[in-house]
Amino acid sequence: MPTNTIDGHTFAVNDEGFFTNREEWSEDLAVILADLVGIEQMTEAHWAPLRFMREDSAKTGVTPTLRRMQAVGGFDVKDLFALYPGKPAKKMAYLAGLPKPVGCV
Amino acid sequence: MSTVVILGAGTVGTMLANKLRKALPHDWSITVVDKDDEHHYQPGYLFVPFGTYTPERVVRSRKAQLDRGVDFVIDAVAHVDPVHQQVRLASGRQLSYQWLIIASGTVPRADQTPGLLDERVWRTSAFDFYTLDGAAALQDALESFEGGRLLVHITEMPIKCPVAPLEFAFLADDYFRKRRMRHKVDITYVTPLDGAFTKPVASAALGDLLEDKSIRVAPDFAISHVDPEKQAIVGYDGRELPFDLLVTVPLNMGQQFIIDSGLGDDLGFVPVDKHTLRSQISDRIFAIGDATNVPTSKAGAVAHFEVEHLVKNLEAAIAGEPLPSKFDGHANCFVESGHGKALLLDFNYDTEPLRGTFPASKVGPMKLLGESRLNHIGKLAFEKIYWNMLLPGKPLPVPTEMSMAGKIPAGHRS
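For the record, the sequence lines run as chains A and B. Once you know that position 35 of the first sequence is 35 in full-length UniProt numbering, the rest is easy, because the numbers rise by one and skip nothing. Once you know that position 22 of the second sequence is 22 in full-length UniProt numbering, the rest is easy, because the numbers rise by one and skip nothing.
FYI, nobody ran anything at the bench for these hints, they're computed from the structure. Treat each hint with caution, since some may be false.
Short, incomplete list of chain A residues facing chain B, as computed with Cβ under 10 angstroms [said to hold, decoys possible]:
hint: 1; residue: Thr3
hint: 2; residue: Ile6
hint: 3; residue: Gly8
hint: 4; residue: Val62
hint: 5; residue: Arg68
hint: 6; residue: Leu80
All residues carry an ideal CB built from backbone N, CA and C; glycine is no exception.
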């Protein structure tokens, strides 16, 4: 299993760079990773969905879908696309230290 | 008298009722409830639009698939009261239970996408194949299709039989080639995920398939609505994808009575312990098959693997003992890839789809994560296995727990 090291913190990742152990995640690391996916400034609006995703997935065992972010988390999907352009589901999962949403293949 | 009530006489409700009838004492009554007496062979839906199967071929009596010692009630479920252990049916009839098993599957909800049910679109230029009448209507639409933009679209995960839309795209490619009009059809696979293949091992092994078949992919598409005027699906990011024919998999939800009874999550799936399948709301309720929220595929194979575990766990629960059996998320499926070939996938909660062969004895070896003619024949042969072995609860030559025999771990190059 590959690892990534940032600022002296080493954490396990999969082939696509996603955290494989959610406990190794921290907000400090998320700020650095955000820069890699084109988010220059993590504002409160950026953090709110990530916090919801971590709390929700701790209960359900899976990364919430965009629909669930809207239905349960109260976030507007349009806003999420504005905050995390192009691939919000994937980018937010990456920054929240969670697996990206997947199908069975 | 003690009573087990099973809500749903589909694939898993039927298998479970038949297994439980053998496992439980004779003085226990087992009652299965469903809204009608039509059991559909759902894997057959995929073949109806292409005229390979007739709609009649996939329907048989539900009652005829159930052990004679099982009571079958035809009625819709209105409400479950977990405190008083009662089920209220649409007719007003009440059923009391000692143990309740929810096996009521998923419902495709076209109404959840604004604009989709508009008469200028629905069953005119937009179709689903997750219902039998949808699949039959789509057959007519494909037959009269003269070419243009075909979108094969998934609304949101999770969906039942998650590879079916991909198979549909492969079979559509094949279908139009045979009709010598493939050059007139532009096929795009539209997914809310980041690609058609989301797992690295699958995309490495299968990534070329779409390119080989000239099927485009529109990834990360979160549908906002259908625009009937423009005949286009519109994404939250403003992307508009026009279509001449839209084949969509609507949002899959659990049954409305689950939501109304407070037993479901936001999509109406029953939150259960993912290993024991016991409801998180009531110790007297279990759920199985597509109706649960377990993080594995919603598919008949998964449901089949779950049945063995649930029978053991229910027996233990009745005896007041800790639940012994732990489901591992085991799933496998054949994936039709067109041209008379199919792929075979095998995975669980913790393991990615693997390459290699499956299983080593009796029915094999079939090639995992690779196209072969034998896999296609395996898929077609499954229809007989389904009616004659799977539903009656006869042993299948497939292990319930995932085995690594004959498989090549992910990342290993062969």
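Against the structure, the hints:
no.	hint	verdict
1	Thr3	violated, 15 angstroms
2	Ile6	violated, 22 angstroms
3	Gly8	violated, 28 angstroms
4	Val62	holds, 5 angstroms
5	Arg68	holds, 6 angstroms
6	Leu80	holds, 8 angstroms
Against the hints set out earlier in the document, violations occur for numbers 1, 2, 3.
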